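Peer 1: Take a look at the letters that make up each chain.
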Amino acid sequence: MVNRIDPDVHFHLRTGFAPDLAELDRQRRMGRSAYLEEQLHPERIADPEAERRLARLPMLQLSTREIARTENGDQRALNDLTRAFLIRAAHSKRRLAARMAVFWAQHFYVPAEAAGEHLADYLRTLERLALGDFRSLLFAAARHPAMLGYLDNVSNVKEHPNENYARELLELHTLGVDGGYTERDVKEAARALTGWTTHERTEGGFYFDPGVHDTGAKRVLGHTFPAGRGLEDGLALLDLLARHPSTARFVSYKLARYFVSDDPPPELVERMARTFAEHRGAVRPVLRALLSAPEFYAAAGLRLRSPLEFLAAALATSGTRVPGAWTLWELQNELGQTFMGWRTPDGPPTEAVGWSGTGGLLARWRVALRLTQEADADPEGAWGLVAHLEERTPRAATVGEAVRALARRVLGRLPGPEQLARLVDYAADGGGADTPWTPIRAGRKRGGLFALLIASPEFQWV
Amino acid sequence: MNRRDLLKRIGVFGIGRALLPGLAANLVFAAEEREGRDVLVVVFLRGGADALSLVAPYAEGRHYYDARPRLAVPEPGRPGGGLDLDGRFALHPALAPLHELYREGALALVHAAGSPHDTRSHFDAMQYMEFGVPGNKTVRTGWLGRHLALTARAAGGSPFRAVGMGDVVADALRGPVTPLALRSIAAFHLRGRTGDEARLLGALRTAYVAPAAAGLQPVARSVWSSLQTMERVARGPSGRGGYPEGAFGEGLAQVARLIKARVGLEVATVDLDGWDTHEEQGTLDGGFAAAAAELAGGLAAFYADLGPEARRVTLVAMSEFGRRVEQNASNGTDHGHGGVLWLLGGGVRGGRVYGRWPGLAPAALDRGDLAVTTDFRDVLAEVVRKRLGNPETDQVFPGHTPHPLGLIKEDRSA
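Residue numbers (numbering that gives the first Met the number 0), protein chains in the order written: chain A, 0 to 461; chain B, 0 to 413.
In case anyone wonders, no lab produced these hints; they're calculated from the structure. Keep in mind that this is a model prediction, so the values were computed, not measured. Be aware that one or more of the hints could be misleading.
So the derived label-pair ranges between C-beta atoms look like this [what the hints assert, rightly or not]: (1) A:R55 <-> B:E230: 18 to 24 Å; (2) B:F122 <-> A:S135: 26 to 32 Å; (3) B:E308 <-> A:V352: 43 to 49 Å; (4) B:A95 <-> A:V176: 19 to 25 Å; (5) B:H277 <-> A:A21: 50 to 56 Å; (6) A:A21 <-> B:P217: 36 to 42 Å; (7) B:D117 <-> A:P244: 35 to 41 Å; (8) B:D65 <-> A:R55: 45 to 51 Å; (9) A:D428 <-> B:P390: 55 to 61 Å; (10) A:S154 <-> B:D65: 39 to 45 Å.
Virtual Cβ for every residue (Gly too), placed ideally from N, Cα, C.
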């Protein structure tokens, strides 16, 4: 069994991507519920470090139209978006907001390859609404050119209805596959959405084309949509879905799977779903219920970081910089997950089983070794990576002290006594915890210690 | 979009990195599988390969030559002409190495083959093919992934059952059995830190024996045993060589090594990019000719390298669609429909062009494209059943009733 994780540390690890000891301290002083209130209102949190770094990403300052006009703009934008994700994971004090932005991007999922130049605006839109209410998110996704194009609603017209978006809307975005709808509901929902398409000239890119809308009467999920309506059909459908009890349950289930465990306790999901319904899909009350639940605390150490979460946390805790697009792309591919690269509308898995293959674990170990190669050990620049571990290594008199401080930095906590003893054994070359942590020893061992910690089981399971 | 394209576009290409440092040869290794399993290698020609230039229907006369004044492969016997197969079709001259394999009976072709769905989008067409369910976007696993899952118990748990060569694992392998993404045998190691490597790896190893490793213990054991296996393969003979330069040739060379080393490989995927030839296709002397030569060189070297092991290996090559019959205004071809499937191996009843040829007469075309008369699933299902011994092809290709073409020699499941 996993050794016991302090509730404060657990809360800190699960509501962010990487441990940040200063934030953890602040959270302890404020108390979890006050800290959570602050996190639920990211606009009130000053975030200068992350903002300074994000401002240096040129493609993120451009509009969709400007990205489209830039040569290979979509690819460049993807590279900057990937960096933005890593920057937020490492530096942002708006920790929960960053996590929720990723949650919604995976829920209303559109692969980068399909979103093209629209990806930046799409992610920005979801991020802006991440802590608001579900209905706004649903409407924003439904009207966004990235989604309309990806799931073919642009070709959903009266004469040839295309059910692709309608089907995923019910199965993946709202009711869930067991949400109690029929094939007929899918077909009728598709009819309600005919004419929802894109246009270059409109603000935001959404356009309702009345000429191809099916104006006949429809019946979806037991509700009749009278004949003769236009845009209202789709709006009524989205409204109906947003307040459907199956949606409350399905979105709560997905949130619990993301924050708690692969197989979240049904009682917890039920409580969250009730909160969701009572507050008409407001995200904050649901998160309050979730993050204060005993089930949440009982799941400490039982969630496997996804490859991208691993990469984000590894870069954040080692302070390694990724200078080039090549290296960044290569690291993601080696780990088996690229940012917004999953190729089906269900979005990347959050469960351990999706990411725990032989190749996946080996890749994590290899990346851990690679990230912690210091620049001076490899004149070529450590294969495109620059690690300055010296700055990240705490001052210490003995090996035991150094190991404990490093473990706290990388894991956010101390591992069990056996793991600590193993790390000491490595760092002291078989000596004990009292072995002096001399500058020479530090120079020789800090890279290996970082690597061992990042490769350790405690780093994979949080 | 693949990595090379991306990097080229972002402008970071050109950083020299040796993927394959020198491999020491000359070590004898013990066989892990006493009787080698059948292996299926799937080559995907990404971008929509122009089937009418790879396997030219020269007997169509003006229907072919008038539609492609600048891009057609001349008739056999003319300068730069194709290599005759059966009086109807000729192989592109750069495919000469495959012509030999065809005459030996190791290579079969299926013309006018492809997906019955009419999409001309790369994204959709590839997904339909790799997931094996044309027109259905609700299935989220690949056809090879489903095959691997269905046969998991009988096969045991070798981490090498499914290997995707390259950085990105082919979607066809997606499923509950995690495939191994392999860039190269030489890169499958944990070396890289100088000095105290042994002590460091020792510490890592014991960390994963500890209770804290929880669900990852068996995976960690599998990693260590895979590392040992790969070290053995890397020290073993590097093969016969003669592969074309580049990721495709390197990928096939390494698949051949894994097959010969008998590590438990059942399914491997290798990609060959560069077939999306909208502009200046260069059928005979440009980019297309080079891609054709790379394809032929790779397949021929692979077959020769396998030697006697070829009897248990079947390679299938396919593309998401063929290209428009009529060339476009930029001396290229746009997305089309019908394509060619290639089958190579000891179990293939080769030396024949399979499939009903619909012809290129205007009335026979599908929206200006070569029609599809053979569903790609008919071909793959026959391979799965007869070579991989999996009779449950209705689960590998749900909703499809296969019509075998008889292009595989023996029935292993019998």
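Peer 1: Are the hints correct? Go through all of them and say.
Peer 2: Here is how each hint holds up against the structure:
1. A:R55 <-> B:E230: 18 to 24 Å: violated, 43 Å
2. B:F122 <-> A:S135: 26 to 32 Å: Holds: the Cβ-Cβ distance is about 29 Å, inside 26 to 32 Å.
3. B:E308 <-> A:V352: 43 to 49 Å: violated, 34 Å
4. B:A95 <-> A:V176: 19 to 25 Å: Between A95 (chain B) and V176 (chain A), where Cβ atoms are some 52 Å apart, the hint is violated.
5. B:H277 <-> A:A21: 50 to 56 Å: Cβ of H277 (chain B) to Cβ of A21 (chain A): about 54 Å, so the range 50 to 56 Å holds.
6. A:A21 <-> B:P217: 36 to 42 Å: holds, 38 Å
7. B:D117 <-> A:P244: 35 to 41 Å: Given about 39 Å between the Cβ atoms, the range holds.
8. B:D65 <-> A:R55: 45 to 51 Å: Since D65 (chain B) and R55 (chain A) have Cβ atoms about 57 Å apart, the given range 45 to 51 Å is violated.
9. A:D428 <-> B:P390: 55 to 61 Å: holds, 58 Å
10. A:S154 <-> B:D65: 39 to 45 Å: violated, 33 Å
Checked against the numbered hints given earlier, this structure breaks hints 1, 3, 4, 8 and 10; the rest are met.
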